[in-house]
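Join the two chains, each given in its own frame, into one complex according to the hints.
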Amino acid sequence: MTAEILVSVQRLGRRFAAHHALQDVSFELRRGETLGLLGLNGAGKTTTMRILCGTLAPSAGRVLITGHDMLAAPEAARRRIGYLPERPPLYPESSVDEYLAYCARLHGLRGAAVREALAYGKRACGLEEVSGRLLRNLSRGYRQRVAIAQAVLHKPDVVVLDEPSLGLDPVQISEIRELLRALGREHSVILSTHWLAEVDMLCNRVLILHQGRLRLDMPLRDVSGDAWLACFRNPPEPSRLRALPGLARVEPGGRTGSWRLFPGPTAQQSQPALEALQRAALESGWGLYELSPVRPDLEQIFLDLVRDRAEGEH
Amino acid sequence: MYLLLHITRFEIGRLARTRSFWLLCALLQVFLGWQFFSNALLYTRAGQGGGLTLAVAAQLYYAYCSLLLWLSPFLTMYSFSEMRRGGALELLLAAPVSLRKLVLGKILGLYVCLLAPLALLSLMPICLLFGAVLDGLLWAGMLLGAALHALLLVCVGVFFSASCKQPATAGFLTLTLFMLSTLSGWVPAFSDSSAAWIGIFNYLSISTHYERLASGMLDSADLCFYLFTCALFYLCTLLRLDYLRTLD
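Protein sequence lines correspond, in order, to chains A and B. So for the first sequence, our numbering puts the first residue at 1106; every next one is plus one. So for the second sequence, our numbering puts the first residue at 12; every next one is plus one.
Every clue listed holds true.
With a Cα cut of at most 25 angstroms, we get these calculated SDA-like pairs of lysine to any residue: (1) 112(B) <-> 1198(A); (2) 176(B) <-> 1147(A); (3) 176(B) <-> 27(B); (4) 112(B) <-> 15(B); (5) 1260(A) <-> 98(B); (6) 112(B) <-> 23(B); (7) 176(B) <-> 1151(A); (8) 176(B) <-> 1198(A); (9) 112(B) <-> 239(B); (10) 112(B) <-> 1214(A); (11) 176(B) <-> 20(B); (12) 1260(A) <-> 12(B); (13) 112(B) <-> 1177(A); (14) 176(B) <-> 1164(A); (15) 112(B) <-> 1162(A); (16) 112(B) <-> 1181(A); (17) 1260(A) <-> 1151(A); (18) 1260(A) <-> 17(B); (19) 112(B) <-> 1184(A); (20) 176(B) <-> 1126(A); (21) 1260(A) <-> 110(B); (22) 176(B) <-> 1271(A).
Honestly, the hints are just simulated from the structure, not real lab data.
Excised from the complex, chain B in its bound form (with noise of 0.2 angstroms):
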């Protein structure tokens, strides 16, 4: 556990030096800041009695996960990828760590960083609070949605980023399977067709399953889809740099 927590906070501390980082984070606050008061500026003006929550709140968490999707590939490719380059990853390999400590160490690491600017844009919808009523158990979903969301990237990104040497390729690869995932949720509404791939196409989508915690609704399925994913893209990330002692 020691050595899990010291692999984190040095993680988030290399990521704080980090020009991206604080870029990412200064993108995420000033369109989501711009997104919130626009989107309650319009509320009002609309003067509508209900519903703050999905009008405002829901837009705002949405916002977020799509610009994650774009976004977090810049964090995630220098995770491993930087350290096979510069030759830091033997230091590791070599250290009496445990690849399932030192990939869940990264990955806690990248997660944190993630999550600072859901928990600042966050402080947002809070603000209401002064003047209406949310909708608690909505507003629960939407952080929960976007918080499987950030890990599920993150999960993916780290993936990749040991899986190649350069960092542009591999955030390259991570940024066109969340295209392909984008897309594939969009095949259901440019078809007719009721037909079970379908459902195939929509499931794979990380945006669906967002949308619908965000909607309220707490599916085991969803979650099931973004623990199930997670672990997967874990255990890959294990296998190939496992595989790396054994290739290289």
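This is chain A alone, in the form it adopts within the complex (with noise of 0.2 angstroms):
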């Protein structure tokens, strides 16, 4: 069953006077996915993230939040997302307790639920010994914890995470991919970074914009590739590997005696074809001493569609 759409993205655009930041941006975010958007500087990362969450109007198309038109109905799609932007939005001389209290209530919670949520966010975020503290006496890391704390501990449907590990340490940076990761089980996240390895890491879907336009909307698990890589002692002809049941492509893999594998997009379709090619290399003598899956560097891929991009338009 595919799950329920939590945000549609319809054509959006966004101009800044002559500049066009977006252009005819579209994309969707089911519930349970964690989506990650990477861009150059520029690229229009912050200008989509803005626009989702209310802060900045788009020029054209339009967003829906479980189905609530964001110029329309801005307060009831505000309620179903928690934003942290890019520059932490904190008040220095409140404690921490009191800020979050403060931002539940923004939120239209009352009494019991404000310190209900009040105990989710601590908890999720690992806020719990620092509550009493003032915000400005507390550490990058822990300020930033706070920031993604105010952002989830309503409880919305959608979280939108603008780079949230920015300017912190890499033990830091550890702590709060952990805690997104956590976060991820519990909520649908967009998540802006310029990390890589953090999309890798955290999502299951990703987003490419680059000068304002969409470039790549794909399920990590196909950018990552669902190929694999088997290296034969007694390496087969390719004829014979594409004649197994379930092997919808084979490359070369690059190495002597390897071959890179396309068993189909799902666990379902490769599990077959694999222990096909496993029982083949057994009984044909062909020494299969390696099979693993291939994960194509993020990395280059992101690298190789910006850098097409901008030799395409010189």
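Shown next, in the form of structure tokens:
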């Protein structure tokens, strides 16, 4: 069964004077998805996120959040979104508890619901120990956690995070990633970042924006490839491999005696094909000594995409 | 209503943590206390039998209004511009709160903070009731004038704060407008002409309207001036913030 569509972005455009920051961008986010938004500086990532959250109006197109139009019913749409802007929106003079309670109430929560939201936000982001401290006295990593907590404490359907690991040290980045991974289990997340590894690690779908246009929208599994690398001591002819049931394509693997196999897009399709390969290798004495999934470098895909476009335009 | 009160309460709490608010309160109380004491002393020494409300209380409220002209921009200039600079405005714009409630909540929060010193200074004339009689209606006129005056200053200050990214620029522009308004009230004093344009200058002065209310003259033109100007700046703030969504 297909999951419910939570965010529907339809032909979104945004101009700043004569500059087109976004052009004809369309995509959808389904329940349970973690969507990675990649792009160079100025590609339109932050603009897209701001339009999604209603802090910026689009010049063209529309955004539907759980069916609510961001322009026609902004309050209903915003109630279902949690947003972490690029700069954490904090009040340095407030304590963690005061700030989070303020944010919870801004989302219309009252009384016991505020206390529950506070407890949830602090537990989800590991803030229990610092709840009484002033925000200005917290480390950057903790401030970022507080900012993420304000985005999730009202348990929105969609959490939009704009570069959540920006400016953090490696330990803090690792902690924030753990946190994001946990959030991805409970919310649908749109994550903008420059860290390709972060997308590879946390997201199950990737969008690549370049010069305001959407260049790639693909489940991350397809990007990473469903290919398998098979290495043989006595490599068979490719025709024999192609004859195996369930293998869609066979390509040279780049190493002597290796082949790149494409069994099919889903696990259900790939498993019988791989089992057939192992049986054939055993029976025919091909000496299969390695069978591993091929994960093409997301960085390479990103760079190829961005460079191809840049070269095409010059 | 809940959200409006929530924003107002948070704004009051935020201001109560700033040094500028306590400095403003302290300056007002010290200066006005001194003025009250000296006016009461002068009145006693002159040995007049009547006019205590005008001689003491009127001076007190007039000084409060004049000081607010100078000091309120230092309080209002942070309301939106500081949030824009620090990024906290994004939090409010992304929250399910209408701009109307957001701006009104901010204005009310600041207004309460300016009414607090007014309430404290009103205790001074109340002290006089133990040994003298005050003109109640005249006193009410002064209170009404001072309250409307404070509301107008807040609305103007909040508008400039929403319009500027730097609090200092917002404060400077607010102060400049107040000074121009005060100066426009001086034009009739330096002109022999009784032309209509002189009246316009007089009408544009904030102080003129306060003075009329404080003298016990409840004129609908003055009330309209305050209410219309407050509504105008409130509307301009809404448009300005809405424009940020389109412009930024």
